[in-house]
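Q: In this text, residue positions in the sequence shown follow this note's numbering: the first is 1, and each later residue adds one.
Each statement offered as a hint is correct.
Just the calculated beta-carbon pair ranges, DEER-fashion:
| no. | residue 1 | residue 2 | range |
| --- | --- | --- | --- |
| 1 | 121 | 8 | 40 to 50 Å |
| 2 | 81 | 314 | 49 to 59 Å |
| 3 | 371 | 334 | 12 to 22 Å |
| 4 | 277 | 22 | 16 to 26 Å |
| 5 | 81 | 334 | 36 to 46 Å |
| 6 | 53 | 134 | 23 to 33 Å |
| 7 | 167 | 286 | 34 to 44 Å |
| 8 | 369 | 317 | 23 to 33 Å |
| 9 | 224 | 303 | 10 to 20 Å |
| 10 | 363 | 136 | 27 to 37 Å |
| 11 | 269 | 334 | 38 to 48 Å |
| 12 | 371 | 289 | 28 to 38 Å |
Quick caveat, the hints were computed from the structure, so don't treat them as lab data. For every residue, glycine included, the Cβ atom is placed at its ideal position computed from N, Cα and C.
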Amino acid sequence: MGEPKPIPATDIEAPPRGSDFLAAITETDMVYFLLNVGNADAQLIMLPQHDGRRRLIVVDVGGFAVMDQLIRSLQAANFVPSEPEIAVVVATHPHWDHISGMSSLLKAYKVNEFWDPGYDTGRPAYIKMYAEAESRAHVCMPTSGYEKRFDLVHIRVLSPSIALKHEFGIQGIEENNSSIALMIEYPEKRVVQRSRERSELRRSRGSRLLLGADAQTASWAHVETDFPALETRTSWLAREMLHRQGADYLDADIFKVPHHGSKYGMNIELVERVGPKYSLVSCAKGGGVHRFPHDIAQEILREARQRTAGRGRARAADHKLGIHYTSDHVHSSSGDKPLGSIAVIVGLNSQRLQLWRLCDDVKAGYPIGLSQAVKVK
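Let the sequences and hints guide you as you build the complete structure.
A: Written out as structure tokens, the structure is:
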């Protein structure tokens, strides 16, 4: 494994007053949170305000205590009401490190929709989760191409493909490859009708988040077939399609790296096609039993951001390349302290992305506190 190196204190921008992170969030902002739950996944998206309210989307709950702390912190800061509306909960696949806190979440909060790939493992945790979901929410089993809109927020399901889903009950597949991978765009480009003419409300794409769950090579191969790269150098049709949609199907600003930075979760071609500004890895300090993140996966992320192959030059530090780990620590004269959970503010202006760290590690006694958030330079 490649243990992330501590980030120097000189590269941390601590705000002069603790409320700067909260003050930075406007009514039109969407905020993405990747929580510090070790080698597990727990993500929350706070949607822009609509009709005076903000709705939430939860993607995996690999640790209910941390997710609950975050939601309560958002309530205390008056971003969400005392009875928050969770529009969608996504259980990306049936592994324990992604669904261990799902039943508790479904009991604690009102959930409108529950998404699941439909890979029934028969394990007690899955059965319990599914029983809670069926009794409390509308259940959906989306496949590649399914879309959902919340005002100007657009969600597209990239995986599992229909072909892979057909294999669930026949010969079976690696459970990670049943993962629901999502592309979330804000603000979405729209076509509107004005009298007799149609016109595009937005021409350039908004900011995009690609949430890779634990999808592995077989799943990404289907994604690249369902959402092919547009070869604009040789095809006029590809050029026209690219102009109309504003970007490649998989082009994204934020990439939640699949499978905790596993060597099975990606290749250089995929990451270069995504071309993320920020690559975010959910992993435990020390690597855990699987020693995440794997060296080869880290090198793929680095090479995609700063090509050094055959050039013999030194590589910039990971945080300078936009690669961040939930296990990151800041090094100072008083010792190492956790940077923990990651929050990205996504503005209505697609150029406005702000990455913050919440400085939490619940197991080590550092609770989530939105007022203590810092920026990494």
